[in-house]
Amino acid sequence: SDGICGSDSTSNQFVCLCRDQPYSQVCRNHATKFNLGLKLGIGFGAAGVSILLMCLIFFFYQRRNKNHYAPSSLVSRNISSYTSSMRDLEKESTCFGVQMFSYGELEEATNNFDSKEELGDGGFGTVYKGKLRDGRVVAVKRLYENNYKRVEQFINEIEILTRLRHQNLVSLYGCTSRHCRELLLVYEYIPNGTVADHLHGDRAKLTWDTRMNIAIETASALAFLHASDVIHRDVKTNNILLDNNLCVKVADFGLSRLFPNDVTHITTAPQGTPGYVDPEYHKCYQLTNKSDVYSFGVVLVELISSKLAVDITRHRREINLSDMAISKIQSRALDEFVDPCLGFQSDYKVRKMITDVAELAFQCLQNESDMRPHMEQVLEALKRIQNEGYDPKKAEEVDIPPDDVVLLKSDPALLSL
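Per my numbering, the sequence shown starts with residue 26, numbered consecutively.
Don't read these hints as lab results, they were simulated from the structure.
Mixed in with the good hints there might be a few duds.
[What the hints assert, rightly or not] Just the calculated beta-carbon pair ranges, DEER-fashion:
id : residue 1 : residue 2 : range
1  : 232       : 137       : 14 to 24 Å
2  : 137       : 234       : 16 to 26 Å
3  : 372       : 409       : 12 to 22 Å
[Claimed, not checked] Derived DSSO-like pairs (lysine-lysine); straight-line CA-CA distance at most 30 Å:
id : residue 1 : residue 2
4  : 230       : 374
5  : 377       : 408
6  : 156       : 174
7  : 230       : 353
8  : 154       : 377
9  : 374       : 353
10 : 308       : 374
All C-beta atoms in this analysis are idealised placements derived from N, C-alpha and C, irrespective of residue type, glycine included.
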């Protein structure tokens, strides 16, 4: 404290001579105020650091435990973003020619996205049944928040489904704004589930005639897409919907690609569903419209067998249904492969048609895309198989002769059907 202390011979006492005060026993400490400020600063700093650490821990905990969708409290945007979204919705009532819905309207339609209204859960989003204020029953697809390609897939579906109209393609009614808090697509509601539900689930079993119609209508939709320079890229029984009359509606165009006439292929990373992906596309990264043909071949053998496209409980060489089907066809053991409820053993007409469809599927499942037929050829072959039916004059053994198997390996012309 800048003082001098010692013994005073006059008073015989210990005293201090302080710089700014008279004699005393103790001098005031000038650093007291400074030390007090320092202590307060350290205290407040420590408290701030503690609060920051707690916030960081809470943030990482929330990120670790969040679901596919961020809760409403966490996905709310800042004021400027929210205002921009509202302005977007107020300015435009349509997007690419379809109606623009507000998030609130679709949240209300689905009862706050109630799990009881859930229709299906796919790789890119969940679909809910909903009822709009005008009374229309719809299907609302809610794209996953953690899907980094969701905006691309969102716009992709809108562009394709607004540009193309076909009786066997699902109709798009509308969407939310691209700047909305969540990306939602609104489709017509198809009430009878998917083909996969009927083949592998609890839905009513399908007769052979119905399966034949499903094959033809699906082929018709795909041929239309290819003629319009579009590759679906995710053809599977889960994406083939059925209405009350068991008519087909092909859905889910999130992975679809435009395919101009003047190119032979598109080089892109393989995408799709295991068991349905074209092996050449998977190996060479070259997407063509023949990739859809391969996937449709898997759908055909699913319709014939009612077996899953991928089943790890089967023998390792038969985990993929396509491998199993090719093996059974080549070994002339189709009776071991066909769904027994179809009457393959008892009904000659059914037996002949199933065998012809199996031959066609065999051609679609060729590893080399050049060996596969075009979708239009597949459609015509299916129609011919359905129309021919049973002709007593042509009654003959319908198992595939060995010579035909060799032919199928080398000639995809389908002229023999």
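Hints, verified against the model:
| no. | hint | result |
| --- | --- | --- |
| 1 | 232 with 137: 14 to 24 Å | 40 Å, violated |
| 2 | 137 with 234: 16 to 26 Å | 42 Å, violated |
| 3 | 372 with 409: 12 to 22 Å | 19 Å, holds |
| 4 | 230 with 374 | 19 Å, holds |
| 5 | 377 with 408 | 14 Å, holds |
| 6 | 156 with 174 | 28 Å, holds |
| 7 | 230 with 353 | 23 Å, holds |
| 8 | 154 with 377 | 40 Å, violated |
| 9 | 374 with 353 | 20 Å, holds |
| 10 | 308 with 374 | 39 Å, violated |
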